[in-house]
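Undergrad: Below are the chains, spelled out letter by letter.
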Amino acid sequence: EIIRRKAVLALYKFYLIAPNQVQHIHAKFRKALCDKDPGVMTSSLHIYLQLIRESPDGYKELTVSFVTILKQVVGGKLPVDFNYHNVPAPWLQIQLLRILSLLGKDDQSTSALMYEVLDESLRRAEMNHNITYAILYECVKAVYTIHPKAELLEKAARCIGNFVLSPKINLKYLGLKALTYVVQHDAKLALQHQMTIIECLDHSDFTIKRETLELLFRITNAQNVTVIVEKMLDFLRSCDDEHTIIHLTMNEVFSVGGDLLQQDVPNNFLRLLAEGSESKEEDDQLRLYAVDSYLTVLKGDASHLPQHFLQVMSWVLGEYGHLQESVDQHEVIRLLTKLLDQRNVSLETRVWILSALTKISEGHTDLIEDLAESLSSSQDTVLRQQAHELRHLSRDSQLHEGVLPHGAPWEGMEVDSSLSFLDGFVSEALAAGAAPYKPPHQRQEELCEDRELNLEPYSFSLPVSLSSCSITDRHSPTLLSVSSGLSGNSTELSQKAGSSTLILEGVKRVWGKDGYLPQKETTAPPVDKPSPAVQPSGQQEASERIEPQPEPSTQNQDKQQLASSLFVGLGAGSSMSLLGKSEAPPPRFRKKPRPLDSSSSSSSGTSERSSDSSSRSSRSMTDNFLYGSLLEEEPATSISAFDHTPKSTTANGLAENTDAKEDRRANTSQILGGDMVIVRPNTIQDKHPPPASSDLTALLPADLKDLPHSDVISLTSDPSLSLCSCRVFRDEALLLVIFISNCTESVVKDVAVQLGCEELETASLRGNIMDSLEGKSTSVCHYALLMDDPHTNVSFTGTVCYQTQPGHTSTLPFSGTLSTADFIRPLVVTTEEYGKLWLSLSHDVKQNLKLLTDASDPLRTTLNALKDALQLHIVDIVGSEGIVACRLLSGAPCLLHCRVNGTALAMWLRSPHPALPDCILYHCQRALAQH
Amino acid sequence: MIKFLLMVNKQGQTRLSKYYEQVELGKRAALEADVVRGCLARRKEECSFVEYKDYKLVYRQYAALFIVVGITENENELSIFELVHNFVEVLDKYFSRVSELDIMFNLDKVHIILDEMILNGHIVETNKNRILAPLLALDKMVES
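Sequence lines, in order, name chains A and B. The UniProt record's numbering puts the first sequence at residues 1 to 931. The UniProt record's numbering puts the second sequence at residues 1 to 144.
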C-alpha cells in the first residue's frame, strides 16, 4: 500500500506539472479514492482538491462519496493508529471539509447532502484540544461557504463566539480569522462580538491587531470609514515592517470611501509617508511601492476614483515619482495629464495634480509646454498661476533644481510665514500713497461703522471677500481665486503683488496643506491682537481639574462609544442594541461623589456633575498612554451623543455636556420627544401643517429614529402623491428623509426621486427608486447632504417621476430650503483645547451683536439662546466673557469668543474656513433678532 | 500550502530547512535570519502566528529549538500548529526522547520522516506507524 500511496502522490505531481498529460488516468484517481487503504485514499484527496478547485461542476457526483468518507472518519471507523490525541485523522477531516465547501458553494442540492455530516462534525469536535479547534474552524468555514442553512449557521456562529472569547491567544486569532471570513457573508455577526473586537484592537500582539484591522476593513461602509481609516493610520504609525500590506488595504479603503473622508485623513497619511521612519531604506521601499501601486491604479480606469484619493496619488507621484527608475517619467506625466483632462476631476484636485506635474517636469519640456499653454488660459486663477509657474520652471532647469530639489527632506522646506520679502514692496506701495494693510476684522469693523444703517446685508456679503484675502489664506489654493475678484480697497495692490511674488511660494503650498499647518500660528500674531483673557484663566482651570482617578466605567463607556462608531450602519438593530447595553453604566457613574476643587463652576447646584466632567477631562490627560487610541475617537463619538439633546438646564457648559449625555443614555425615548421641541424658525412649516406628521415620524427607519430630527414638513403634493420631508441631524451629514405617500387607492408604479442642489453634495442612500407603491402607503427615501462651503441658505430642488398607468409618466417637482444651521454641529472641546485651536485658526470676523438684556445674566441668556438656535457648544463662561465652539458637520470648526461690551455683545469668530464665520454670524444675528 | 519548514535553535543556527518552493540559495539565508528574528522577538503570551511578507509563519518552541513553518494565507494555521507537534511526536517516538543533537547527527533520518509527512507542500501522512514504517525497514536492512 505504501507503493500505491506514493504512486498516487507522484500522479498528483504529474498533474500539477502537466494536467493534459494525465487525462487518460482520471479513472485511476477515482479508483484510488475508493481504495480500501485510508492512506491511498488520503493521498488521492490532494488531487481532487486541486481538480475541484479548478472546476467544481465536474465532480458534483462525488459529493456523496466524500460525505460518506467523512462520516466514517468522524465516526471513528479508521484504525486507531490514525488517531491523533484521540481525534480520528484530523488532517484528513480538514482536507475533506475543504473539498466539501468547494463543492457546496452556491449549490443548494449538493449542500443539502452535506448538512448532516457537517452537523455531526460540529458536534463531535467538542473535545478540548487544539486540533479539534482546527477542524471546527474548517467546519465553520465550510458552513458559511455552502448554501446557507439557518440551523447550522447558528451553531457555527456559536463556535466562532467560543473562539473569539477564548483566553488562548491562538484560538482568539483563529476566531478573528473566522469572523473576518464570515462577515463577508453576514456582517451582523460582528455586532455580537464588537466588544471583543475593540479589545483585540488594543491587543499587544501585532498579529492579532492586524487580523482585527483586516476584519474591520471588511465591514467598512460609508458611515464608519473615517474611524476605521484613523485606526489604520494609528497602526501604520506604530508598526514598521508591514507597511506595504496596510498600504494596500488603505488603497482599497480610499477607493471605496475616499470622498466621505475628511480632508485631514489623507493629509495624515501623506505626512506619514513624507516623514517616514528611522530607516531611510525602508521608507524608500514603501514610497516606491506606493508609486508603483498608484501607477497601476491610474493605468486602469481612474474616472470613478474619489477626489481625495486622486489627490493623494498625484502628490505621491509628484514627490516620489523619481524613485522609480524603471518607469519612464514621460509615462507618469502622460498619466497625470490624462487625469487633468478628465471632466469629473474637481478644481482642487486639478491643482494637486498640476503641482505634482511641476515637481516631475524637469527635462520634459516638450510635453509640459503644451499643457501649460492650454491651462494658462484656464478660467480659474489658481490653475492659471500654476500653469505659468510650470512653464517657467520647465524652461529653466537651474531654477527648477533650486526650487524643487529631488527628494529633499521635508524639514528642509521652510515657508517664510511672515512674508518678510514682501515688506519692501509694501513700503514702496505705502510711499506711493497706498493705504496701510489692515487686518480683515479691523477693516470689517470700520465697514460696520460706515454702514451702521443696514447692517445685515453688508456685513454678510462684504466680509466674505474681505476676509478671504488675508495673506494667511495662501495656504489653501482655492482661496486665491477669490482674492482677484476683490475691488474697492487699496490694499488690493499689495494682494496682487502677493500673488505674483508668490511664484516661489506657490509650489510649496502642498506643504502648507499637509505638514505646515502649525506654521500658521506664527502668522497669526501680527494679524490679531491676542486679547482673550479667558484663555489663560481657562488653562488654569483645566490644570486645577487634573485629578488623576480614572474610572473603569468611563473607559468602558468609551469603548462602547468606539464600538458604536465602528459598527454603525451594519444593521438596523445595531444602534438599538448598543443603547441598550450602555444603559447599565451611567447610574453608577453618576452617583460617584467627588470632591469639588474646580473654582470655576459658577453654578453650585450642578457641582456633582461638573466634577464628573472634570474627572472626565483629567482622565483624558492621564490616561493618554493606555487609552491613547481610544481617546482619539472620543471627540467624534461623543459629539454624536451630545448632538441635539434637549438642553433644559442652564448650567455650566462643561457640566451640561455630561448631563445631556447621561440623559440620552438613560432615557432615549424622552429625547425623542425632546427633539421635537427644537423647532427652528421655518416659514414653510407653518404654512402647511402636515395632516399626519406624527404618523410619518413613526415611519423613520429604526436606525434613524434615535437621531435628533426636525418636524416633518410637507414639500408638495398632487392628486396621487404627496411628499413630506424631515431633516435628520447626523453628525457627519444632514440626512434629508423624504416620505412619499400614495394618496390614491391604486398602485403607483416606477417611482423615482431625484434630488439636486448646487451648493451641496448629495448622495442618495436608500429607496430613491421603487418599482411600485401600494395605495395609501408611504415609502421613505434618504439623502445624505454634505456642505463643504457654507452658504447662509441653500435651496434644493427635485422631481418625483411616477406612473399611474403604464406608459403614462407624471412628474412632480418639489423644492425646499435648508439653512446652514442645519449643518452646524456642536464641537465639544475643553477650554485648553479651545485655546490651542484658537491660535491655529486664521480667518476671523468681528462683529457687535445685540445682547439680550432682559434677563439677570445677559451673557448666559444670550449664549443659551444662540445655542438653542444653532446647536453651538458653550465651552466656558467666565465673567463677562464666554467661549463657544461649533463645527460644520464633521469638518471645519468655528470658534466664537463673546465679550459683553456695554449693551452689545462683541463677537469674535475664528475658523479655518473663510466663509464659515460670516455664515454663523449671520445666523446668530437672525436668532437674536427673533428672540 | 506549506512553503517551507525550518528548525532553528535559539542562537539562530539553522538545524534543518526544507523548502517546497524554489528559493534561491542566497536568499534562503536572508529569509531564515529574518524569520528567526521575527519569531524570537515574540513573547510567550503572543500568538504563534506571525505574518511575514506573503506568508504566515507558524512557530512552535521545544526547549531551545524552534520549528517554523511558512504557509500561505489559505492554510489552516492551527492545523499546521498541531502538525508540528505531530512531527515532533514522531521524532520523539523514533529517537526516544529526541534532542537537538539527535537532529544534528541524524539529519538524513529526520528528512526521511519529514518527506513521509509533507510532500509538495501538502500534508500526506499523519499516522505515526506509517510514517516510521519505511525508515524502520531501512534500518533493518542496514542491520542485516
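Honestly, the hints are just simulated from the structure, not real lab data. The beta-carbon is built from N, C-alpha and C at its ideal position, and this holds for glycine as well. Errors might be hidden in some of the hints.
Stated by the list, open to error - Heads up, simulated PhoX-like pairs for lysine-lysine below, C-alpha to C-alpha not over 20 angstroms straight-line:
#	chain 1	residue 1	chain 2	residue 2
1	B	K109	B	K128
2	B	K44	B	K27
3	A	K13	A	K28
4	B	K109	B	K18
5	B	K44	B	K18
6	B	K27	B	K93
7	A	K60	A	K71
8	A	K149	A	K105
9	B	K109	A	K6
10	A	K60	A	K105
11	A	K209	B	K44
12	B	K3	A	K168
13	A	K141	A	K71
14	A	K77	B	K140
15	B	K128	A	K6
16	A	K13	B	K3
17	A	K776	A	K749
18	B	K93	B	K44
19	B	K140	A	K13
Claimed, not checked - A short list of chain A residues far from chain B (calculated; beta carbon distances all over 12 angstroms):
#	residue
20	C34
21	D35
22	G39
23	T42
24	L62
25	F82
26	H85
27	P90
28	H129
29	F163
30	Q184
31	V747
32	S777
33	D789
34	Q805
Undergrad: Please verify whether K141/A and K71/A have alpha carbons no more than 20 angstroms apart.
TA: holds (18 angstroms)
Undergrad: Classify the label on F163/A as holds or violated, using whether its beta-carbon is more than 12 angstroms from each beta-carbon of chain B.
TA: Label violated. Min Cβ-Cβ 10 angstroms, cutoff 12 angstroms.
Undergrad: Has the given pair, K44/B with K18/B, been kept, meaning a C-alpha gap of at most 20 angstroms?
TA: violated (26 angstroms)
Undergrad: Hey, is G39/A genuinely clear of chain B, shortest beta carbon separation above 12 angstroms?
TA: Answer for G39/A: violated, closest chain B Cβ roughly 6 angstroms.
Undergrad: Looking at T42/A again, its CB stays over 12 angstroms from all of chain B?
TA: violated (7 angstroms)
Undergrad: Is K140/B within 20 angstroms of K13/A, Cα to Cα?
TA: violated (30 angstroms)
Undergrad: Is the Cα-Cα distance between K13/A and K28/A 20 angstroms or less?
TA: holds (15 angstroms)
Undergrad: Within 20 angstroms, alpha carbon to alpha carbon, are K93/B and K44/B?
TA: It is violated: about 27 angstroms lies between the C-alpha atoms, which goes past 20 angstroms.
Undergrad: Would you check the hint for K776/A and K749/A, treating anything up to 20 angstroms between C-alpha atoms as holding?
TA: Holds - the C-alpha atoms of K749/A and K776/A are around 13 angstroms apart, at most 20 angstroms.
Undergrad: Tell me if the straight-line CA distance from K27/B to K93/B falls inside 20 angstroms.
TA: violated (34 angstroms)
Undergrad: Is the hinted pair K13/A and K3/B satisfied, with a Cα-Cα distance of at most 20 angstroms?
TA: Between K13/A and K3/B the Cα gap is close to 16 angstroms, so the pair holds against 20 angstroms.
Undergrad: Please check whether the beta-carbon of H85/A is more than 12 angstroms away from every beta-carbon in chain B.
TA: violated (8 angstroms)
The structure fails to meet hints 2, 5, 6, 12, 14, 18, 19, 22, 23, 25, 26, 27, 28 and 29 from the earlier list, while all remaining hints are met.
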